[in-house]
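Q: Given the coordinates of chain E, assemble chain Z onto it according to the supplied hints.
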Amino acid sequence: MGESGILAKLLNDSAGFFLQQNSFALKEAANRAIENAALANDKRMAEFAMVAYCLHKLLGKQHIVRDAKWKKLGSEILADLRSAADAMEGEDQKRFEESMHGIISSIESTDRQLGYFTQGLYEKARVKYASSAYALGLGLSQAAELTGANKKDLLNYIGATRMHDEQLSAEGIGERLAKLKQKLGGA
Amino acid sequence: MMFVFDSSALISMSQTCLVKILRQLREALGAEFVIAESVYRETVSTPLHIRRFELNAVRLKKAVDEKWLRIEQVDTDAAMDIVKTANNCFFAKGGPVSLMHRGEADALALVRQLNAQVLVIDERTTRMLLETPLRLKELLEGKHNAKIGARKDNLERLQGMRFTPQSTAAAL
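Residue numbers (the working numbering), protein chains in the order written: chain E, 1 to 187; chain Z, 1 to 172.
Quick caveat, the hints were computed from the structure, so don't treat them as lab data. Check the hints yourself; a few may be wrong.
A short list of chain Z residues far from chain E (calculated; beta carbon distances all over 12 Å) [stated by the list, open to error]:
{"hint": "1", "residue": "V34"}
{"hint": "2", "residue": "V64"}
{"hint": "3", "residue": "W68"}
{"hint": "4", "residue": "L114"}
{"hint": "5", "residue": "H144"}
Interface residues of chain Z toward chain E, partial, derived using beta-carbon atoms under 10 Å [said to hold, decoys possible]:
{"hint": "6", "residue": "L25"}
{"hint": "7", "residue": "S45"}
{"hint": "8", "residue": "L140"}
Virtual Cβ for every residue (Gly too), placed ideally from N, Cα, C.
One chain only, chain Z, in its complex shape:
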């Protein structure tokens, strides 16, 4: 079984001193734990030079050095495709609403690239976009007090990228 980790999940686990639990989980499952290179940069390389984040970075660096957390190169074109599609799903005031950053897209691209079974992410919007896009649309409408348009083709395309087995057609 393969797990791809987004930076948000690793940040949460390292800040709450739970990295060792991750290792135990990996051993119990016999799973592979993988991150994108950009996630490594964000959670280790960069914060190693920022004093208040250094300890968390060291924890994660240790995981990579001990080889139970592996770094993989992401297909850049695939990641850009995901970002472009995700950021053209919802529209407001005549323009697209850019919900997703390259950071999340790299993790999603890696899931597809490696046929991973699990994406570990501590972030609401990406999860809602993939699993419950209609609820995300309602959230956006409620928060902005504005009508939010949805592009069914892009939502279906995102669904078709095999992050989740659920279909959006019925939801819309």
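This is chain E alone, in the form it adopts within the complex:
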């Protein structure tokens, strides 16, 4: 199955998860998508990962899903998810982009009207999934480019994670500092 086929399936499945309010499954779909996106440098897949993550977060907020406005917003999101899935199956790139844009607008609208925080959910998703792409092995700029995250935000975010601790150096900090001083002529 090519990347388009994988994305179409993820979109179809996610429409079902969204309807069932299965936020955990949406998060899993997002994580699968970013892995594929990182390997294939696929921005559409990365965009889906961010969208699925945002939907996972929205469904987890009681004050959002219980709000009267959510019914309409949720219906619009579901319709756009199904439209995006159809478009991907039919390889209609234009309709796919319009549908995804519609979902992102609905997410941002929900966030604006019902969210508690100043930083938008979709912007947070950009940084989070750029961080995931970096953890999966992409270079910093490449990861930022994949999701449209700002590199400064990304560096800040990564700095608060333990991913660099996974790649422990064979040399301790004292040895590394001594080597650096030697290279720099003892400065």
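A: Just chain Z now, with coordinates in the frame of chain E:
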């Protein structure tokens, strides 16, 4: 001694208020500190118009205005060559894994162009690709739970671009 800075290193230093330490280091070493024009755009020109990044951009602009951080033009063809080679080192699911962006490649091209002794970069993947490509391959395989192919010729070509004296042949 010449130091080439990637944007990641400058971002880290400016965000942690350590730009003045860089100046002190430069004076202590009598070194030249150089950045690519794209790095200047990324760390100064663009963020000067974004309120929350303006202060960091001003710090770095001051360094350039005071002439202890110099901007150099990059050989575009050389940078593109580095990106193309780097992004055809590892393969998964039938296609190449694009690890490097033009941003890192500009800094690497500048290192070669100016025969710089030091590349200052706050970024794991580029460093691993140049210094320990086998470990990077293992990282990719571990993270993706997939077999990652490696093109020995491209890895050796990258090594041969004189960023590091280590050879990849034995590692592979």
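Q: Hint compliance check: list the failing hint numbers for this structure, sorted ascending.
A: Violated hints (numbers, rising): 5 and 7; every other hint is consistent with the structure.
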